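There are 2 protein chains.
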Amino acid sequence: MIMAMKLFTYPQAPSPRRIHLFLAEKGMEIEQYIVDIRAGEQHGEGFAGKSRQHTVPLLELDDGTCLGESMAICRYLEEIQPDPPLLGRDARERAVVNELDHWLEINGLLAVMDGFRNAVPGLKDRALPGPRPVPQIPELAERGRRCYGYFMHDLDRLLAGREFLAGDYFSVADITALVIVDFASWGIKARIPIELQHLSDWHRRVSARPTIATCS
Amino acid sequence: MIMAMKLFTYPQAPSPRRIHLFLAEKGMEIEQYIVDIRAGEQHGEGFAGKSRQHTVPLLELDDGTCLGESMAICRYLEEIQPDPPLLGRDARERAVVNELDHWLEINGLLAVMDGFRNAVPGLKDRALPGPRPVPQIPELAERGRRCYGYFMHDLDRLLAGREFLAGDYFSVADITALVIVDFASWGIKARIPIELQHLSDWHRRVSARPTIATCS
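Those sequence lines, one after another, are chains A and B.
Every position in the first sequence, counted from 1, becomes a number in the working numbering once 735 is added.
Every position in the second sequence, counted from 1, becomes a number in the working numbering once 735 is added.
Since the list can't tell identical chains apart, any single copy or any two copies may satisfy a pair.
SDA-like mimics (lysine to any residue), calculated; alpha carbons at most 20 Å apart, straight line:
id, residue 1, residue 2
1, K859, E874
2, K859, E877
3, K741, C801
4, K859, I923
5, K859, L875
6, K741, A783
7, K924, R939
8, K785, R827
9, K785, I769
FYI, nobody ran anything at the bench for these hints, they're computed from the structure.
All figures in this text were calculated on a predicted structure; none of them were measured in a lab.
The whole structure should be built from the sequences, with the hints applied where relevant.
Take a look at the structure:
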């Protein structure tokens, strides 16, 4: 199913990857426009007018409305195409998935982002996304790496006895967590410690899903 | 309407206030339990078992499911009591409100939190919420205050010609922004600059709503 919307993206980057995996699980296709963030195209006039934070992914709807936040995009896609459900199947499940996804983002993704953006030479005055320069803080890079270590332990404990993050069903929380773990492995060189067996098993299981293996 | 759920809260703190204002706008009442975060009760055995991050607000559902994230709580309450709608009235509006609220949280609330938690003597090893100690980074406190200044300017520009943040209808985004602006005024002593007229007008308008004026 091809939708009449435009997705501005850079598939190698972590946040856009959340959307690509979500679309793959839904079996949806959207017309794509590549914004070369390595060349700084997100700050150029053409794109920056659409995006509050100069970031990809960005979904432009038919009426010109631009959505630049990953979960707002996923939630919108779920509304217009409910099957298969990736945000939970009833009010309680939706609340649990919402809760989990937010926890992943604040405690996992932001930790890796702090570790990455405050350390990489190419992002010297770009420690935060957005139109204004923000200098790096080396101490924050170190805090990010440390907090990501805590996060992996918490994630491992959560996954004990569970097939997926929310329980017995695959959800967007699994996509978000997979993207974070894979980003951390190259972005801050933090791989899953061997003793975190639940996390390792889940990572192998989710990475092997046909939709994910072919999309990645 | 009294719902058979439990809300663990500390009404003076910013995140719980989001829920109290949301409930007031909905005309809903939920049984409340005060967790004295000034006395460290959120780390005590009774509460910490329910809360991943040792934070309030926390909504405990009838089946024991615990939701500890403000927007997951609001979204659940909206599902079980849709009127008046506070998360948008159709898929496009819901996406816009979702997008805005996330932007407010990441760029406004986190900036004030960084400014506050990394500077207040009482939070010396509590620069982040959660069960583990995280030392303060003075440079991050300063970055938080600077980024909050940028945020107020962006918010002012967004509010030009608009009655509410999402346009002509009141939404949870107005609640979140109000809580952030009020928290910043005492938490990091950052008041709205006189030249930001749209923001000042909106703040006066929203604070004067009967539901909000009587709840605050």
